[in-house]
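Following the hints, position chain W against chain V.
Chain order of the listed sequences is V and W.
Residue 253 is where the first sequence starts when you use this note's numbering, and the numbers rise one by one after that.
Residue 10 is where the second sequence starts when you use this note's numbering, and the numbers rise one by one after that.
Just to be clear, a hint being listed does not mean it is correct.
[To be verified] Restraint ranges, calculated between C-beta atoms of paired labels, are given here:
| hint | chain 1 | residue 1 | chain 2 | residue 2 | range |
| --- | --- | --- | --- | --- | --- |
| 1 | W | Asp262 | V | Asp680 | 30 to 36 Å |
| 2 | V | Gln641 | W | Val17 | 50 to 56 Å |
| 3 | W | Thr71 | V | Asp527 | 29 to 35 Å |
Everything labelled a hint here was simulated from the structure, so no lab data went into it.
Glycine included, C-beta positions come from ideal geometry on N, C-alpha and C.
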Amino acid sequence: MSSPQAVGDLVSQPYKYGFVTDIETEKIAKGLSEDVVRLISSKKEEPDFLLQFRLRAYRQWLQMREPDWAALGYPPIDYQDIIYYAAPKQQAKKASLDEVDPKLLETFDKLGIPLSEQKRLSNVAVDAVFDSVSIATTYKEKLAEHGVIFCSISEAVKEHPELIERYLGTVVASNDNYFAALNSAVFSDGSFVFIPKGVECPMELSTYFRINSGDTGQFERTLIVAEEGASVSYLEGCTAPMFDTNQLHAAVVELVALDDAAIKYSTVQNWYAGDEHGVGGIYNFVTKRGQCRGDRSKISWTQVETGSAITWKYPSCVLQGADSVGEFYSVALTNNRQQADTGTKMIHVGPRSRSTIVSKGISAGHSANSYRGLVQIGPKAVGARNYSQCDSMLIGDQAAANTYPYIRSQQPQASVEHEASTCRISEDQLFYLQSRGIGFEEAVSMMVSGFCRDVFNQLPMEFAAEADKLLALKLEGSVG
Amino acid sequence: MIRPDAPVLLDIRDLQARVEDKAILKGVNLTVRAGEIHAVMGRNGSGKSTLSKVLAGHPAYTVTGGSVSYRGENLLELDPEQRARIGVFLGFQYPVEIPGVSNLEFLRVATNARRAERGQEELDTFAFEDLVHERLKVVQMDPAFLDRSVNEGFSGGEKKRNEILQMALLEPLVAILDETDSGLDIDALRIVAGGVNQLANADNATLLITHYQRLLDAITPDYVHVMAAGRILRTGGKELALELEQRGYDWVDEELAAREVDR
Numbered sequence: 253m254s255s256p257q258a259v260g261d262l263v264s265q266p267y268k269y270g271f272v273t274d275i276e277t278e279k280i281a282k283g284l285s286e287d288v289v290r291l292i293s294s295k296k297e298e299p300d301f302l303l304q305f306r307l308r309a310y311r312q313w314l315q316m317r318e319p320d321w322a323a324l325g326y327p328p329i330d331y332q333d334i335i336y337y338a339a340p341k342q343q344a345k346k347a348s349l350d351e352v353d354p355k356l357l358e359t360f361d362k363l364g365i366p367l368s369e370q371k372r373l374s375n376v377a378v379d380a381v382f383d384s385v386s387i388a389t390t391y392k393e394k395l396a397e398h399g400v401i402f403c404s405i406s407e408a409v410k411e412h413p414e415l416i417e418r419y420l421g422t423v424v425a426s427n428d429n430y431f432a433a434l435n436s437a438v439f440s441d442g443s444f445v446f447i448p449k450g451v452e453c454p455m456e457l458s459t460y461f462r463i464n465s466g467d468t469g470q471f472e473r474t475l476i477v478a479e480e481g482a483s484v485s486y487l488e489g490c491t492a493p494m495f496d497t498n499q500l501h502a503a504v505v506e507l508v509a510l511d512d513a514a515i516k517y518s519t520v521q522n523w524y525a526g527d528e529h530g531v532g533g534i535y536n537f538v539t540k541r542g543q544c545r546g547d548r549s550k551i552s553w554t555q556v557e558t559g560s561a562i563t564w565k566y567p568s569c570v571l572q573g574a575d576s577v578g579e580f581y582s583v584a585l586t587n588n589r590q591q592a593d594t595g596t597k598m599i600h601v602g603p604r605s606r607s608t609i610v611s612k613g614i615s616a617g618h619s620a621n622s623y624r625g626l627v628q629i630g631p632k633a634v635g636a637r638n639y640s641q642c643d644s645m646l647i648g649d650q651a652a653a654n655t656y657p658y659i660r661s662q663q664p665q666a667s668v669e670h671e672a673s674t675c676r677i678s679e680d681q682l683f684y685l686q687s688r689g690i691g692f693e694e695a696v697s698m699m700v701s702g703f704c705r706d707v708f709n710q711l712p713m714e715f716a717a718e719a720d721k722l723l724a725l726k727l728e729g730s731v732g
Numbered sequence: 010m011i012r013p014d015a016p017v018l019l020d021i022r023d024l025q026a027r028v029e030d031k032a033i034l035k036g037v038n039l040t041v042r043a044g045e046i047h048a049v050m051g052r053n054g055s056g057k058s059t060l061s062k063v064l065a066g067h068p069a070y071t072v073t074g075g076s077v078s079y080r081g082e083n084l085l086e087l088d089p090e091q092r093a094r095i096g097v098f099l100g101f102q103y104p105v106e107i108p109g110v111s112n113l114e115f116l117r118v119a120t121n122a123r124r125a126e127r128g129q130e131e132l133d134t135f136a137f138e139d140l141v142h143e144r145l146k147v148v149q150m151d152p153a154f155l156d157r158s159v160n161e162g163f164s165g166g167e168k169k170r171n172e173i174l175q176m177a178l179l180e181p182l183v184a185i186l187d188e189t190d191s192g193l194d195i196d197a198l199r200i201v202a203g204g205v206n207q208l209a210n211a212d213n214a215t216l217l218i219t220h221y222q223r224l225l226d227a228i229t230p231d232y233v234h235v236m237a238a239g240r241i242l243r244t245g246g247k248e249l250a251l252e253l254e255q256r257g258y259d260w261v262d263e264e265l266a267a268r269e270v271d272r
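For reference, chain V alone in the conformation it holds in the complex (with noise of 0.2 Å):
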C-alpha cells in the first residue's frame, strides 16, 4: 500500500445497495411441508399439473442429502427456519406501471433499473422481480408483435401452460440435485422467454433479482427456449440488502435451444456478500444448465460473479446436436470472507460439438475461490473439440484459489485443451504503476480488467464497462 493512511483513506465503499424497501409483504409462517407446498401453489392458482410437479419434487427432496463435496464451509441451513413464500402485497399484476405501487417504483429506480415509462432504458426489455414475485415487466406488447413472450413464470403458467408443461423441468430434473429438488418444490417466479421459429429477438431481455425481505429463501425459475434459428440475449442482475443472517438463493435456469438457435445468457451477480467478518451475505446456491438440443444450436453462459456469501453453481451446457457451440466465459471475484466454488460442465454428446470454457477468478481478502469444471466428451461425439482456460489471481497474501478440472473422454477422435495459470498482484507492479502517475486505484483497476479482459469483451456492451467499475468496487482497500 501507498502508506497507512492511503488504506484508512480507501474507505470499503458500502454496498449501495444494502437499503431495504419498507412495504407491506404478505408472508406465510416459516418452515416446509408438503401443506406449504400445496399452499404456494394454490396462492398462486396454478394448475394441476404443476402441483404434481411440486410434490414430486418435495417427496424426493425428502429422500435426498445436501451435498458436501465442494470446497465450501457454512454452518448447517436449518430448513424450517426459512419462509418459503412472501410477496409485497398489491393484487393482481398491474396492467400498466402506473398502477404498481410507487414504493416498488422508486425501489428499482435506486438500482438504476427505472420501470417507469419516460425513464426506462429503450432498447432493453426488463422484468423486475421483487422478492421472487415479478412486479412489471417492459415492453411485452412491443415483444408480442414479434412473437416472442417474456413473461414471468407465473403469469406464462396462466397465458401459456402447454409451454410450460413441455419445456419446464426437461433440462434441469427435479432430482438433479438437492438444491433444484428444493426450488422445483417452491420455486416462486421468474422468467419465461420464448423465441419462436427464425425470429431474432429485437431487444436485449433482462431480469433484474431484488431480494427485500430478510427471513425469506428465493426460489427464482427461469425458463429460455428458443425455436428453430431462433435467438436472444438476456442478462440478469441481482442485489439484496445487508442482513446479518444468511439467506439461501436456490434459483434453477433452463435454457432450450432447437437447430440454429441461438442463447446468450449473461449475469452479473452483486447479492450483499457480508461483511468483513464474514457476518451475512447471500447464500448463492444455483443450478444452470443449457441443453443445445439442435443442430448447429449455440449456448453461451457470461458471469461477473462479484457477491454473496458464497457462490456454488456450475452453469453448464449439454451438447446433444451436431456442431453445437457451448461457451463459459466466467469473473469470479471473491473479497474479506467470501466463498466461491464455480465453474461449468461441458457435455459433448453430438459428433463436433465444440465447447469454449474461459474462467478468471480473482481472490483477495481472505476469501477461498475455486474453479470446478467438467469436460465430458461422450462415445458419439467424433471430432469435439474442447478449449478451457483457467487462470486466477491472487491479491494480497491471504487469499485461496484453487482449480478441479475434470476431464473424461470416451471418444478418441476428439480434443479437449487446458491452461492454467496463477498471478499475483503485487506491491512492485502497483508501485511501479504509480510512479508513472497511475493512482493505485486506477492502478489496480487496470490490472484486473487487462485479466479479465477476455470474459468482458462477451458482456453486452452496456454492461462490461459497469462489470470494470464493479469489480474496481469491490476490491477497494484489498491491497497492501
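Same frame as chain V, now just chain W:
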C-alpha cells in the same frame, strides 16, 4: 551543464531513511539545479538505490529525518503518483513485468496523467499513437513492443529502453536513473545513453545512480558523488569517476574510518 543561477530542482538536506528496522540513509545532502547531470556512485549497500526509491516514494522505506524539496515544494509528503505527475521520474534497475496490462495503454494513461498536471490537453488513442511512434525513435524500439504487456517477455535491454521511452513521453524535470546500465550490452548501453542525452536539456536534470564508470563515458556528468554508509562522502567533477575506476573503492573505507576517528 553547470549554471550557478539555474533554478534548484531538487534540494536534499540531511536525509535519513530506513527499511524495516535497518537504517540505510544517514544524512544525505545534495542539491540539483536545472540543466545538470549528477552521477551517484558507490558500492553495493552504500544506499544509492535506497536514495532513488525514497525520492520516488517507495512504500517499503520510511524517512526518519531530513527534508527533500522539489522546486520549493516538500516532496516527501506527496504520494508516489503525485510525485510522478509533477515531474519526478524513477528509472528502475529491475523494471517489473505487468501481464495483462497493455504497454500502449499504460503509456497513454501515464502520459495523460502528466499532461493533465501540466494543464495540457489529454491525448486520445489516435493522437497518442502518433506521439508514441515518434518517441520510439529516441530509443530505437520496434512498435511491436506497444502491443505487448508491460515489460512482459522483454529482455533486460528492452526493459531499460522502455524506461527511457517513458522518460521521453513523460518529460520529467528530475529523472533518477537507478543503475540503468546494469545488464546492458554495449549496443543497448549506447542506445540508452543516447536517449538520455537527447532528452537532457537546460530545464531538466538527471541523477544517474551507477556502479560503473563506463556509462559516464557516454553521458558526461557535471558532478560525481561518492556514496558510502548512507552518506555522500565526496563530490567532484567527472575526473572523480575516472579516479574511482582506477583506484577502486578501498580508499572509501579508509576515509570512513578516518571520519569516525574525528568524531
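We went through each hint and held it up to the structure:
no.: 1; hint: W/Asp262 - V/Asp680: 30 to 36 Å; result: holds (32 Å)
no.: 2; hint: V/Gln641 - W/Val17: 50 to 56 Å; result: holds (54 Å)
no.: 3; hint: W/Thr71 - V/Asp527: 29 to 35 Å; result: holds (32 Å)
Checked against the numbered hints listed earlier, the structure breaks none of them; every hint is satisfied.
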